[in-house]
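So the protein sequences, as listed, match chains S and G. Positions 1 to 936 (this note's numbering) are the ones given, in order, by the first sequence. Positions 937 to 1384 (this note's numbering) are the ones given, in order, by the second sequence.
Hints are computed from structural coordinates only; laboratory data are not their basis. A portion of the hints provided could be inaccurate.
Unchecked claim - Counterexamples of contact, computed for chain G against chain S with all Cβ distances above 12 Å:
#, residue
1, Gly1032
2, His1059
3, Arg1139
4, Arg1145
5, Gly1276
6, Arg1367
Unchecked claim - Taking lysine-lysine pairs in the BS3-like style, the calculated list, with each CA pair at most 30 Å apart, reads:
#, chain 1, residue 1, chain 2, residue 2
7, S, Lys272, G, Lys969
8, G, Lys1301, S, Lys272
9, G, Lys1011, S, Lys596
10, G, Lys969, G, Lys1301
11, G, Lys1000, G, Lys1320
12, G, Lys993, G, Lys1301
13, S, Lys272, G, Lys1011
Nothing here was measured: the structure is a model prediction, and the numbers come from that model. Here a beta-carbon is modelled for each residue, glycine too, at the ideal position from N, C-alpha and C.
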Amino acid sequence: MNRRGHVWIAWMLLGAWLRTSAQAESPKAPHWAFQPVREPAIPAITNTAWCRTPIDRFIAASLESQGMRPSPQAEPRVLLRRIALDLTGLPPSADELESFAANPSAAALQRAIDRFLESPRYGEHWGRHWLDVVRYADTAGETADYPVPVAWRYRNYVIQSFNADKPYDQFLREQIAGDILARSGPRSRYAEQVTATGFLAISRRFGFDSENYHHLTLQDTIDTLGQSVMGLTLGCARCHAHKFDPISMPEYYALYGIFDSTRYAFPGSEQKQRLRALVPLIPPEESGPKWRAFETRVAALTARLEQLKSAVPSGTLRSLDDFDGDFELQAPAAGGSKGVLVPPWINDGPISVTTDAQSPFRNLHPGGRVGVQIPAGTNAYRMSQRLHPSVPQAPRTPWNVNLDFRISAAASGSSATPTGAHRFVLGSQAHPSILAFRIASDRISFETGSSERLIRTVPVGRWCNLQLRVDPASRTFSVAAGWPGDVVEVASIPIPGETSVRVGVQELALESVAAPGAGFPAVAFDNLAVTELPIPPVSTQASGLAEAAAAASQDAASIRRELERLLAEGPFELAYAVSEGTPHEARVQLRGEPDKPGDVVRRAFPAALGGGALEESEAGAGSGRLELANWLVDPRHPLTARVMVNRIWQYHFGQGLVRTPNDFGLRGQKPTHPELLDYLAARFVREGWSMKAMHRLILSSAVYQQASLSSGLVNPAQSRPVWEECPVDPAGAPILKREKAIAVEVDYSHFGRRRLGAEETRDAILHATGQLDATPGEGHPFPAPTGWGFTQHGPFSAVYDHSRRSVYLMAQRIQRHPFLALFDGADPNATTPGRRTTTVPTQALFFLNDPFVHACADRFAVRLLSDESDAQGRITQCYRSLLSRNPSPRESASAVVFLTEYGTEARSSGAAHPETAALAALVRVLIGSNEFLTVD
Amino acid sequence: MLYPALFTELLGRESSPAGDDPLAPRAPMFAPKAKRVIFLYMSGGVSHVDSWDPKPKLFADAGKTVSVDEFQGRKGDFSMFAKRPQWEFKRHGKCGTQVSSLFPHMAECVDDLCVIRSMRSDHTNHYEATLGIHTGSFTFARPSVGAWVSYGLGSENRNLPSFVVIAPKTPYAGGQVWASDFLPGAHQGTLVVPGAEPVANLRRRVASRRLQELELGALAQMNREHLASRAADPLLSARIQSFETAFGMQMEMPDVFDLSRESDATLAMYGLERGSTRGFGWQCLVARRLAERGVRFVELIDVGSSDNWDAHGDMLTHAPLARNVDQPIAGLLRDLKQRGMMEDTLVVWTTEFGRTPFNAAADAKGREHHHWVYSSWLAGAGVKAGTVYGESDDYGIRVAKDGVHVHDFHATLLHLMGLDHERLTFRQSGRDYRLTDVAGDVVRGILA
């Protein structure tokens, strides 16, 4: 938290705190934050002359009731510097300050505010605030901390959205459901809206096989969504009913179902060292052909490399929709995880992913290691998924299906042939069973209405390959089933059912069909694919695609080079984002453990906040993210607007009106000015959720423009523990012991001084010494994905330096950026509601000795020496650049003495350029000064 | 001469801890046994059955099959082969505690140790187990135990950080291991990397001390004038003070690392060659010097996230790692004792988990991860010396008696420092967090 001095804090007794905070609530009334926003009357006050905006009337009323008076307006230079830093994170130039000081009119101030708001620097500064809240990082955070090369697109999306004054409701809808909005939105905004869902994709990954911990990633999504947008700690309800807020476990899993029906981009992990499921920044009709060309070329090059017995690069960006069906991604990890099916698969029953179920056929996927095994018996199972949104739902051209299966003997101890069967179903959302196949103990057949048509017999224990080619135009399909040397083919089978049903595949399932009283045989499935690409005939050899011949003349080294380039660049621009998965309802996970499933819960929104559930049609159509987004930005939602105006207030004043910006729940603090909070929330919505309008309102207020004359105690809040004030109750839960120790009184009778944050400090040093590169940053120089092999023994770790603004520094999760860690930067692992300001000697050592400070000072000194002919001119320029003001005559004189003395000393200690050394020392003195680093 | 004079005056002033100084020394909750901790962490998983936990039956039954219901995180019925320990055990000291020949020097110190043979962790993977033994959390990033101690007690020496970590390489889970996480940044571990510049920015970058005094003097002057025109504000004064402390640190830290005045006998005790900064001997000797100067929590990590105790391939890889730490740790214990520091220093030796007493193949040379039971030890202030606490079963597979979970271990450690683990809390996201989550009991049986 920033600790601006406008709050003076006293260690008070609980009673006193209650008197001065919001009026006590009646025990029956709902918690204040769950009640609707009610725009209050603007209070009547006596000191109307002071007020410039309605905000001031609320503040004046509270000051009057406390018998306090506001401070006079800050001096023009102080005020403009404050506004520049608050809006852009950079100090203003000396010229700007002087011209404003010469004519400090209200109109001139408004012009200056507009100028700062229009500057691209504004989005870089305010975007950083939002990136704090959404725990932005450029790495995934699992045990090897895999880099995410395209995460930056989301970071820049945030910056650009602030610059464009994107209405906050739209900003939220895009971040939660941008991929869905993009489908119906203008083509020109497609990429932007898809990129926005990086908010969800950057959720933290866990473990060394992070898909095994996907439930924790979803908790991170839900918890961050709760804290950032609603000011509620929803994550607590993963394992138990929320201890304080009215959020039940079923309500948590009702939200969980929404994100479990979502496909997250996968960043790679120790076990699966490659990126996949990145989301194209072009619509499916454009990405399809490009993807097919890309995939064909990659397949050809890969096949050729394997022919040459040469290693294939590991960081393979495999199929776009991650639907190669080979189950490799669900494979058990070598050192401890279990094989699971992860979204977009949804499954029920005794399904395991094992090496025993690996098909011997290599025509589809030469590198497979595992398949899915279903044990014999009567335990019903079902595994299904909706295909990636990029698969055309009603194609006109033929498409192909591949599936390998093996029937095993009946369960040991039973001699009877099981009469149950397995079913492979392809369909659309409206017609889930357009094509269906049955795999029984000795055969595979095709369902036609109520009867079956035999395709071929299959002996127990033999792997069989099934291939379909479906032609929607003629409403027929052909089938080939068998193994190398024995393939049965049947052509032009009419597709059963009504002709009005469009022949497309959107969903598929593998499931049990139990005959009465009988079980089914064990079965293994592998190499499941639905694709518009031709599938090579069944073979135990890696398939030579026809195109492989084209690569035949290249040698292995040149093939690998091309492959690495293709895999690094991809077929088109991709984002670390999300897309729609398989819509379904989740089960409660007892004690938060996914292998202890409880009841199924319908996707819905917490009742305490208005509730509501997905309509049946919505539940089948998609994940429910769009409905969630719309629910959040409904003006009747009690929290969304309140939480955001509180954040804007907090970043201007150092403390929010609610001092726990991520917790508006029962454990959070009550608003110090509840009516003002509601006034701002109502006005925010009324003015179209414009953040820039909110800035203009706040910055125009008398309360913001006050001087910071007095100071007061800075909040020692939690920098030191306070147990002596907390009596121990041996019977009670110890976590309730600190209430009265954090009692606080707020004082808006002056502006609160603050210190620059980490990014502001680095940016100010670069900017003031003329070293700042103002161009926006993009990606980071990560190693090429094809070379990735990061493990927990050798995790990804890097610091990339540049002289752009600090928001563009690479933020890593398991290893923090050393500068940002030293100066209380954001925590990239969890939402950061506000920065703390700590003071430690290692920060002072940074100013004294860090190469960065020295390099900036040295370069600036060299420039000053050539730009200015005498010491006086250099000193003046030094002050103007760093402190945006001229030195006083006394300061000039002191500086002259300093330069002389330092120069003499430097010369005697053998410095090559004593004059430069002295000037650089003066620059460092100013950089290290409190004046440079604090905002009055 | 104006500036240096002013500066000297500033330096000469007794540091008065400001109200919000997070590192100001604080009284503990109750009378502590220890004033400081030296935490020795062996990275990768030291085999308990090859070091501190003698299992005669494992010697006798080597090669026989053992059934377990989980292997490396996978549930199921597994038939494994008991694997013979690589090192023989013998009784040592007056107390007769058995230690293997892997650690011949530490074995001589058993009369000062309380060996815990019933440690338990929650996770079979390095990253999670390493995070767990340091933060009490096996999944999410949380403050390190050193940060909690610093938060609870502050620092006795304002020229030095309260929590110092000496590590030649980065461990599993990276800097999260010594992070302050949601605790104020002042409590994060200051990393010391053996070598030319052990602490970032500690070396004066200007040519002479006099030059730096001139610079600091000018800065102090500016900041005083700035402060004079404003009402007293700790935000400003704390920062002024931090430069004084930094200057002190710049003086005192190099002195910590200057081993030139240590006697040959002392260096020999740590097995350290004069002038060398390599190996655990340097780390141990510097730890003693930090402890002497009032640093609250010193952690030593022997190696990083690779080439460590993770002996999947061959148990013999334990031998050079043991040689690196054995004599230095024994030296440290003896040195603390002869200086009377054992009275108020707690020394902790641990690793993230043990290694399987069995393996999947009868002829396997290595051992896998084993978090069901493993060994650690405590020594020094408040610890029942010359004892063994807890037992594993006949093969060293499970806890047989008096299990000590990582949370219990942390609770005990805080207790010895005069801190109640249930009351040392920090509110974050609407919840009061503790080092021990919602569990942990002080292990009374190891308290003197």
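Now for the hints, and whether the structure bears them out:
1. Every Cβ of chain S is farther than 12 Å from the Cβ of Gly1032 (chain G); the closest lies at roughly 38 Å, confirming the non-interface assignment.
2. Look at His1059 (chain G): its CB is around 9 Å from the nearest CB on chain S, not clear of 12 Å, so calling it non-interface is violated.
3. The Cβ of Arg1139 (chain G) does not lie farther than 12 Å from every Cβ of chain S; its closest approach is about 6 Å, which violates its non-interface assignment.
4. Remark: the non-interface label on Arg1145 (chain G) conflicts with the geometry, its nearest Cβ contact in chain S lying 10 Å away (cut-off 12 Å).
5. Against chain S, the non-interface label of Gly1276 (chain G) holds: every CB pair exceeds 12 Å, the least being about 29 Å.
6. Distance to chain S contradicts Arg1367 (chain G) as a non-interface residue, since its nearest Cβ pair spans about 7 Å, not more than 12 Å.
7. Under the criterion of a C-alpha separation no larger than 30 Å, the hint pairing Lys272 (chain S) with Lys969 (chain G) is inconsistent with the structure, at around 48 Å.
8. For the hint linking Lys1301 (chain G) to Lys272 (chain S), the alpha-carbon distance of about 27 Å falls within 30 Å, and the restraint holds.
9. A C-alpha spacing of about 15 Å is found between Lys1011 (chain G) and Lys596 (chain S), which places the hinted pair at or below 30 Å, so the restraint holds.
10. Taking the CA atoms of Lys969 (chain G) and Lys1301 (chain G), the gap is about 43 Å. The hint is violated against a cut of 30 Å.
11. Simply put, Lys1000 (chain G) and Lys1320 (chain G) have alpha-carbon atoms about 37 Å apart, too far for the 30 Å limit, and the pair is violated.
12. Note on Lys993 (chain G) and Lys1301 (chain G): the hinted pairing holds, with a Cα-Cα distance of about 19 Å set against a maximum of 30 Å.
13. Proposed proximity of Lys272 (chain S) and Lys1011 (chain G) is supported: the alpha carbons are some 22 Å apart, at most 30 Å.
Violated hints for the displayed structure, listed by number in ascending order: 2, 3, 4, 6, 7, 10 and 11.
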